[in-house]
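Trainee: Chain by chain, the residues:
4 protein chains.
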Amino acid sequence: MKKTTIIEKDSIQLENPVLIEGLPGLGMVGRIAVRYLIKKLKAKPFAHLYSPHFPYYVIVNKRGNVRLLRGTFYYWRNPENRDLIFFTGDSQAQTIEGQYEIATKITDYAKRKGVNLIVTLGGYRKEVEGTPRVYVASTSEKLLEKALKSECIRSPSGNPIVGIAGILLGIARFKGIKALCLLGETRGYMPDPKAAKSVLNALCKILELKVDLSGLDAEIERAEKLLEKMHEIEAKRESYVRQLREEERERTSYIS
Amino acid sequence: MKKTTIIEKDSIQLENPVLIEGLPGLGMVGRIAVRYLIKKLKAKPFAHLYSPHFPYYVIVNKRGNVRLLRGTFYYWRNPENRDLIFFTGDSQAQTIEGQYEIATKITDYAKRKGVNLIVTLGGYRKEVEGTPRVYVASTSEKLLEKALKSECIRSPSGNPIVGIAGILLGIARFKGIKALCLLGETRGYMPDPKAAKSVLNALCKILELKVDLSGLDAEIERAEKLLEKMHEIEAKRESYVRQLREEERERTSYIS
Amino acid sequence: MKKTTIIEKDSIQLENPVLIEGLPGLGMVGRIAVRYLIKKLKAKPFAHLYSPHFPYYVIVNKRGNVRLLRGTFYYWRNPENRDLIFFTGDSQAQTIEGQYEIATKITDYAKRKGVNLIVTLGGYRKEVEGTPRVYVASTSEKLLEKALKSECIRSPSGNPIVGIAGILLGIARFKGIKALCLLGETRGYMPDPKAAKSVLNALCKILELKVDLSGLDAEIERAEKLLEKMHEIEAKRESYVRQLREEERERTSYIS
Amino acid sequence: MKKTTIIEKDSIQLENPVLIEGLPGLGMVGRIAVRYLIKKLKAKPFAHLYSPHFPYYVIVNKRGNVRLLRGTFYYWRNPENRDLIFFTGDSQAQTIEGQYEIATKITDYAKRKGVNLIVTLGGYRKEVEGTPRVYVASTSEKLLEKALKSECIRSPSGNPIVGIAGILLGIARFKGIKALCLLGETRGYMPDPKAAKSVLNALCKILELKVDLSGLDAEIERAEKLLEKMHEIEAKRESYVRQLREEERERTSYIS
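Residue numbers (the working numbering), protein chains in the order written: chain A, 1 to 256; chain B, 257 to 512; chain C, 513 to 768; chain D, 769 to 1024.
Watch out, some of these pointers could steer you wrong.
Stated by the list, open to error - Beta-carbon label-pair distances, calculated as ranges:
1) M190/A - K722/C: 32 to 40 Å
2) D217/A - V753/C: 50 to 58 Å
3) G386/B - L756/C: 51 to 59 Å
4) K9/A - R381/B: 54 to 62 Å
Unchecked claim - Cut-off 20 Å, straight-line C-alpha distance, at most; resulting in silico cross-link-like pairs (SDA-like, lysine to any residue):
5) K623/C - R67/A
6) K879/D - K943/D
7) K398/B - M769/D
8) K259/B - G98/A
9) K402/B - N927/D
10) K943/D - L561/C
11) K142/A - K431/B
12) K2/A - F814/D
13) K361/B - K997/D
14) K398/B - K830/D
15) K574/C - R1010/D
16) K658/C - R63/A
17) K210/A - N78/A
18) K810/D - M769/D
19) K431/B - E897/D
20) K521/C - A559/C
21) K770/D - Y365/B
22) K997/D - E897/D
23) K258/B - T95/A
24) K3/A - K687/C
25) K434/B - N833/D
What the hints assert, rightly or not - Per the computed footprint, the stretches of chain D lying under chain C, defined by three or more beta-carbons under 8 Å from a beta-carbon of chain C, are:
26) 833-842
27) 877-887
28) 934-944
The set of hints was computed from the structure by calculation and includes no laboratory data. For glycine and all other residues, C-beta sits at the position ideal for the given N, C-alpha and C.
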């Protein structure tokens, strides 16, 4: 395998589909969001993307089986509205050229599948308080307006959108496909299902999609308990270090 | 997009044009200079350069729209003398091969547009006092002489010219196009419109171009005030640190 | 040489051969194991693999002769069972793309030689006590079962297998060849013949191969003596440093 | 320029020529040696090698002219023996693939010019005392014997020869050209004409070449004076630092 390659398992036909991307990234927001939709909507895998720009290891699954890192395309036939294609996977590219190559490959394939709208999901680094807000950027004025009406905030001017969530927008515009990026506020150092829920809320409004998101609440609770625990450990560690320093200071004064 | 690509929006014909390059670099000198000329002369964009060797992010504009990083070619029809093409953009290449690939692409395209002279603008790291001087290097003895008569200084022997401003000269010579490089003295750690003005002064003399450069003066003043402020902050910080150290020393002596 | 290249010296025909790979890696486990088999079975070299992704130096041999870094394929005609191909060499690839390129080249070549099973050998980082255990992962449920019956442990889920031992499995699966990976527990910071023996024990059971492994015992003893010596030196160094610190502390107290 | 390219200025025919390479490297030994021969024998340039794997800057010459980094081939018609081709230049490749690409290009070109022997010159890191010795490695037993008779030492087994001096040997062997590497002992942190002279002495004996090497003596003297001066400065600096520390220690004792 010398180039990024897409292998189609199932040659499906879709109705005016939208592609929704969520690869691992800041706070795993995009990946958590897309995987939730895949599970909830029982979307089906139909194609894999392999690339020599992914990290050079394989992952072992529960049964001891292994496979190359890859991305997977899933489809969901929407009885009420446009069909959906999801794209998620194990990793982003490890090189600049790889980022461009993979984004180009995804966009070309999406175009062949009749996609004329790509939505990328990700995280936006911020000290969040309360419900994470969602930032939006788009190649289309109309889409942007729609997102702003769905309680999204305009992504600040001059702000870079790093990695696949950004590059995919740039390449899509370059190839004449409309594209939208939704970024949920997250501290980013732990998987953040709360940010993912905010992003999905916005996505559902914009695409007029009805999906029950309450299934994320258990995950959010788990993440918050974990975070609390980490804070406790950190607080204990700090108090211990402070105590040590004080003892040291007393000892030093005494000696002198 | 697997290779650096130029997309022409407007297939213009120019009279014996000169290409003037100024991408981001030391003190942003080249970029400030070229952007000033584009604005002042109302030059018009006619082609974009995209490359997988640019950084892998996109930038959001004021309206929330995004695009890939790119370079842009502008043209200006000179009623009195040779036409001008300007090239500026968001970034230089991030890899060695990228630097060569982009410089080759620019030079080939310039040749096709009838360019037989390329001028690159940039910064030259130096502790400047007073008006920044301009260093010159060239692939042509004649051009060099002309620049020296326009108050430029010969770039010191053995001195490397790093990045696009240098590589473009080398590739141009390789392809039989004359090329000249003008580097303005700058400390380089902040955008430096003063260095840009010096460079433009020299450029106008060499190309016998009449452009009012006074529009840069407001920008220069702003930059100098900002610098003063930074120096004040730095001085305060230092005096504060000094004071802390003295208190600490006294306290230590006292304890002992 | 612009691409990874295999040069066949001897165009041999083999009976349903298995390819066994062991390149340098963690604790040199794979390489020690494969080299032992080559020596013990008197396997013969028949092809070399060269690559611009190997490090850019050459190695001098005992007679002052030099050659490029390379991998070598050996064959052994098994009078009782399937023939064997061994692959070992000087180095793994130095780049991500190189890892994929070399693994693809090996797999394609193996396929042409009639190989339908690839076994990769390597190390598994762990604080070992007693006999190192062997972890297994595979692209085939049946092979995995056979390995588990041969006292191997299922490689933990989510565990990455880094480098050629892993990538080769991924690529093999991608190309429709069965593959198995055996990793021996090792601390990994020194060549570890003991881990190699564990791996070979498992390999022989799985492939129903009879090879006398006692020849590794001398090497194991040497490695253990060396390790003991290093521990002694380290203990001395630590005790010396402790002593210095105590002297320093006394001196300081005295001064104050 | 997307690939390493050789541009021939003068299509010369040579008699059974030997290629002698000396690019910048450890102690600049190879480059100093080859440049000395070029100057002394009045060898003439006939081809340039350009590569996108060289560093991305250009160098300004005394007159303010610039050019891309490159390598240059020179020839010398030997009235008494085999003709010589010299190869030297500004830099080695900056990437692994570049090292292989450039070595392949040089070897292919040399073959086309009728070369069946390549000699690479370089440095060997060592704390030298007295006259630097010369280490030899070769792809040919016969050449090696000849070098050993010319007072060279066999390069230690297992020793890597890094960079172009090594890779060129490996590629040459791969392409069926004999090759020899001569490495002069050098501390390596400064240009070392003394090591270069040792290497040239050996080279002249092996190739039965008569060249007056006394022209290097002035350069050697200059280098030794410079070294002495640097040692003096270093000694002063150290004594000054020692004094400062003592003062500090006294002051501290006093305070406490």
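Trainee: The structure should be examined with respect to each hint, and the outcome stated for every one.
Mentor: Hints and how they fare:
1. In this structure, M190/A and K722/C break the distance hint of 32 to 40 Å, their C-beta atoms being roughly 52 Å apart.
2. For D217/A and V753/C, the Cβ-Cβ distance of about 55 Å falls inside the hinted range of 50 to 58 Å, so the restraint holds.
3. Distance hint check for G386/B and L756/C: the Cβ-Cβ separation is about 56 Å, which falls inside the suggested range of 51 to 59 Å.
4. For K9/A paired with R381/B, a C-beta distance near 56 Å keeps the hint of 54 to 62 Å intact.
5. Annotation: proposed proximity of K623/C to R67/A holds, straight-line Cα distance about 18 Å (limit 20 Å).
6. Restraint check for K879/D and K943/D: satisfied, since their Cα atoms lie roughly 9 Å apart, inside the 20 Å limit.
7. Among the hinted pairs, K398/B with M769/D is inconsistent with the structure: their alpha-carbon atoms are about 26 Å apart, more than 20 Å.
8. Restraint check: the Cα-Cα separation between K259/B and G98/A comes to about 12 Å, which is no more than 20 Å; the hinted pair holds.
9. Using a Cα cut-off of 20 Å, the hinted pair K402/B and N927/D is violated, with the two alpha carbons roughly 55 Å apart.
10. Taking the CA atoms of K943/D and L561/C, the gap is near 15 Å; set against the 20 Å cutoff, the hint holds.
11. Between the alpha carbons of K142/A and K431/B the distance comes to roughly 46 Å, so the proposed pair goes past 20 Å and is violated.
12. At most 20 Å may separate the alpha-carbon atoms for a hinted pair to count; K2/A and F814/D exceed this at roughly 38 Å.
13. The hinted pair formed by K361/B and K997/D fails the criterion: a straight-line CA distance of about 49 Å is larger than 20 Å.
14. Distance hint between K398/B and K830/D is fulfilled; the C-alpha atoms sit about 15 Å from each other, no more than 20 Å.
15. For a cut-off of 20 Å, the pair hint linking K574/C to R1010/D is broken: about 47 Å separates their Cα positions.
16. Taken as a hint, the K658/C and R63/A pair is honoured in the structure, with Cα atoms around 13 Å apart against an allowance of 20 Å.
17. Distance hint between K210/A and N78/A is fulfilled; the C-alpha atoms sit about 10 Å from each other, no more than 20 Å.
18. Of the supplied pair hints, the one linking K810/D and M769/D is violated, its CA atoms being roughly 31 Å apart against a limit of 20 Å.
19. Our distance criterion of 20 Å between C-alpha atoms is broken by K431/B and E897/D, whose separation comes to about 49 Å.
20. About 5 Å separates the Cα atoms of K521/C and A559/C, which keeps this hinted pair within 20 Å; it holds.
21. Restraint check for K770/D and Y365/B: the C-alpha separation of about 15 Å stays at or below 20 Å, so the hint holds.
22. In summary, the hint linking K997/D to E897/D is supported, as the alpha carbons are separated by about 18 Å, within the 20 Å threshold.
23. Among the hinted pairs, K258/B with T95/A is consistent with the structure: their alpha-carbon atoms are about 13 Å apart, no more than 20 Å.
24. Of the supplied pair hints, the one linking K3/A and K687/C holds, its CA atoms being roughly 15 Å apart against a limit of 20 Å.
25. For the hint linking K434/B to N833/D, the alpha-carbon distance of about 11 Å falls within 20 Å, and the restraint holds.
26. Coverage of a stretch by a chain is defined here by at least three residues with a beta carbon nearer than 8 Å to that chain's beta carbons; for the segment 833-842 of chain D and chain C the count is 0, and the condition is violated.
27. With 0 residues bearing a CB less than 8 Å from a CB of chain C, the segment 877-887 of chain D misses the requirement of three and the coverage assertion fails.
28. Proximity of the segment 934-944 of chain D to chain C, defined as three or more residues with a beta carbon under 8 Å from a beta carbon of that chain, is established by the 7 residues found.
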